[in-house]
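Novice: Residue numbers (numbering that gives the first Met the number 0), protein chains in the order written: chain A, 0 to 389; chain B, 0 to 304; chain C, 0 to 327.
Any given hint might turn out to be false.
Residues from chain B shown here face chain A by an in silico Cβ test under 8 Å; the list is partial [claimed, not checked]:
# : residue
1 : L4
2 : F15
3 : F120
4 : T274
5 : S278
6 : L280
Covered stretches of chain A, as calculated for chain B (at least 3 residues, CB under 8 Å) [as the list claims (entries may be wrong)]:
#  : stretch
7  : 195-205
8  : 208-216
9  : 258-270
10 : 328-335
These are computed hints drawn from the structure, not numbers from a lab.
By construction, the Cβ of each residue, glycine as well, lies at the ideal position given by its N, Cα and C atoms.
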Amino acid sequence: MISTKAKLTLKALGTVTAVALAMASPTLADGHGGKVKVGLITTLTGGGAGLGVDIRDGFMLAIGQSGNENIEVVIEDDQRKPDVAVQLADKMIQSEKVDIMTGIVWSNLAMAVAPATTAQGKFYISANAGPAQLAGKGCHENYFNVAWQNDNLHEAAGAYATQAGYKNSFILAPNYPAGKDALTGYKRMFEGTPSGELYTKLGQTDYAAEIAQIRASDADSVYFFLPGGMGISFLKQYADSGIDLPVVGPAFSFDQGILQAVGEAALGVKNTSQWNKDLDNAANKAFVETFQAEFGRLPSLYASQGFDTANLILSAMAKADVKDADAFRAALKEADFESVRGDFKFGNNHHPIQNIYVREVIKEGDVYTNKIISTGLTAHQDVYAAECKM
Amino acid sequence: MNTLLLIEQILNGLQFGVMLFLMAAGLTLIFGVMGLINLAHGSLYMIGAFAAAAVAGWTGNFFLALIASLVAAAIVGALVELTIIRRLYARDHLEQVLATFALILIFSEATRWIFGSFPLFLNVPEVLKGSITLPGGIQYSLYRLTIIGIGLAVAVGLFLLISKTRVGMRIRAGENDREMIAALGVDISVLYTMVFALGAALAGLSGALVGAIQSVEVGMGEPVLILAFVVIVIGGIGSIKGAFAGAILVGLTDTLGRTMLPLVFGSFMEASAATTVGSALASMLIYILMAGVLLFKPTGLFGAT
Amino acid sequence: MLRERYINLIVLALLLVVPAHAYVTGEPFTVTLATRAVIFALAGVGLNLALGQGGLVSFGHAAYFGVGGYVMGILASHAQNYEPILQVPFLIEGTNAMPVIWLVAIVMSALLALLVGALSLRTSGVYFIMVTLAFGQMLYYFTISWPAYGGEDGLSIYVRNQFPGLNTLDPIQFYGICFVLLCAALFLVDRINKSPFGLALNGAHQNEERVQTVGINVYRVRLVAFVISGAITGLAGALFADLNRFVSPTMFSWQISGEIMIFIILGGVGRLFGPVLGAALYILLEHFLGGLSEYWFIYLGAILLGVVLFAKGGIIGKLAKREVSHDG
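Just chain A, same shape as in the assembly (with noise of 0.2 Å):
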């Protein structure tokens, strides 16, 4: 059933990037005429590859929809590892000579192309992570988030346990920078007191340690910052240890790409998102019914994401010359496009301003996916634009 799927899938695929790259050819187009080549890169083999393959559908189904063939995408595969990614943004800035950056699954392979990218005078738009140095004294005009700025996700949870009544969560997530930033971003928003706190090897797969710590403890919830395997991991085996702790998590760990793997675990279970599929705007319709019909599958967050960023950047096409860095940054600045998020706006540091839901996971027919239950926060900002000196 899957294999199908998954057929089904690069069959697609090999048709969008043969439509991206047939764009090369000089003709004439609408808006500004200046001509954009943009490097993609993201992660495409291995464990992750979930991920950089949704970021790369989203990026190239807006692409290839906006039939504007002043665009160029050059694909790269990053295989996660920081290295290979640096190697790569140096060929496709040094030879391929692209004017904008984006793709980047990772926050340690974005802190590592990212600042080199911007302090060449190129334009990096991050489609997905979103570290604290990049977004507080480390911010640069070049550098733009579509996505969310790392802690977002983590303060709305805190909220939202605020709201629910929570008052000692249990916390864990794996001991790595980003982990602690999730942690850090939850104790935040929430106004209990965690009654544990746990840092877990990164790549581990057995939580059965953790799982008796939470039973054996006195919280009264589950947070938990556990991405890609691990989360799928955890939530199975929380589930057949007969806890009934609600748990909350980020929407990392409820995406549509690896629902359908945790199953029924996750019914139920309370997670955090700035965009789903249910969100009334025809923009968000029209995406979702697309990529459905495009690829055989529902769209996750992360496809969400690489559609937004495609669409910033058609944009700000539409205004401005890229060669002309200054006015370019203004109409990327404006974010005049349809987000399927809704109202979409960035903050003084290029970090979106928005509102971060909280869904619920639910089943729909045979398909696990999400509804929106309630708003966790309205128009929020991250807290490091505040050390931005832009």
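Starting from the known structure of chain A, fit chains B and C onto it as the hints suggest.
Specialist: Below, chains B and C without anything else, positioned relative to chain A:
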């Protein structure tokens, strides 16, 4: 930490150890009999998990899925042995490492090509869901108890196979003297294929068992492969008994280290620093254990000198 | 022997001509790729001394590669922020002078290799492979969870470090630096191989008892070789960090140890230019196969497998059609 929690954590350590044993048993058997370092053992684990997930998806039956994992891994193992692995027995360890590393690349990407980039679903069967109450009031997951049971049964079975049966006698003979067993008229190449397929089947089974409570995804085999190597090196390479002792030791050390170290550091440090330092040390603990064992017993606990 | 020498000369000539040509024709990325190949080759030359000459199969050379990288990262980040590394008991400041960084990288990785080697060399065979791997893994997990220098995020350096009289940001000049260092390491290793020490090291690989009966302390010979080997790989790590202007724990991962090993086996174990040719080929394959298909790892795997099965002694072995000569 109270006694009940400690006992529960010890059970968790045992379960983790038993699961590692299923991986390590095949690895150590293959090394002991054929002298082969097989980095692709983790790929067989992954193949078992994917086969189980696919069959469970079609039939909805977990036990068929387990059988599928055994069969698929054994068949792939036998095919790889026949076409590639058998050319490596006479080579040195270095070439074996490179060739089996190349196999990892091929297996991982081929799996992704067939099944796609997203993790698959495999769940604990209804009958094994939930937890039961053990004497003393400990709530423990029925599925995890089952894994402990299956693992122990496999350990006993392997032990009997090797010490009591004709095939086992040949395996032991093969470990000691490869020329002699060939001289005795045993078709050594058939024996080798069988041993490799057996090791592969165990890896596949362990992948399927674990896949039900973890994530079935490409690349799931490598972390557990490294752990399995740690296990067989601690136990002494080639020794099933050693693999069992090593697996339990690693399982307990890792699980107890993870839960106790932050507490230990917390007794004399500020809480959040203690969590950080404790978790950092815990993630290094089994490697420290392995280095320590090898320094005192350079051929592992049960290794031949 | 003669034939192998020709091959070596051709490899060296290509390493000079290709980047120079790319530079002239304005393809800076080819120069970057060549730099990467040369740096990996240097790491391989280091490992090859222990592995090829001494038969010490270290599966943990990423440890020295990573230490070299982090020496660069730590020194340069302190220089960048004007914060001293240590004030008590005496003042240590960061630096962005390459020669100083190299020296510190060599010393630190040699010290680590001394420690790891002294412990690991008590074991042999597969146990040695695995215990060296264990030390690499310890450092990997340590750097991931050590917050001071970025943990898993790693450390970015915004400007490449300085070398007196050169503009290191110019790709071809940085390439020149790496190339010269590679040649120096090749020269050093060649001299070692031909020295009495090298003969003893190789002799111990071939027949340990025989060397022992002559009254040579095999353990000590191996330990010295292991330390030199670690130091060279450490230097390569510092250069790699400078190439990327970035360090992260992935430099310590077991995959890096495996890759360095692959360069050697691909080119030819125990051959002076084995790792050089191996690294260059690997980078070429990675570059060209990557553009071929999303599933290019399958092709890479098949090619590596083919080399092991059908080109015994690596590419140089196949081309030179001779066993490694041990007479020097």
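Novice: Among all the numbered hints in the text so far, which are the ones the structure does not match?
Specialist: 6, 10
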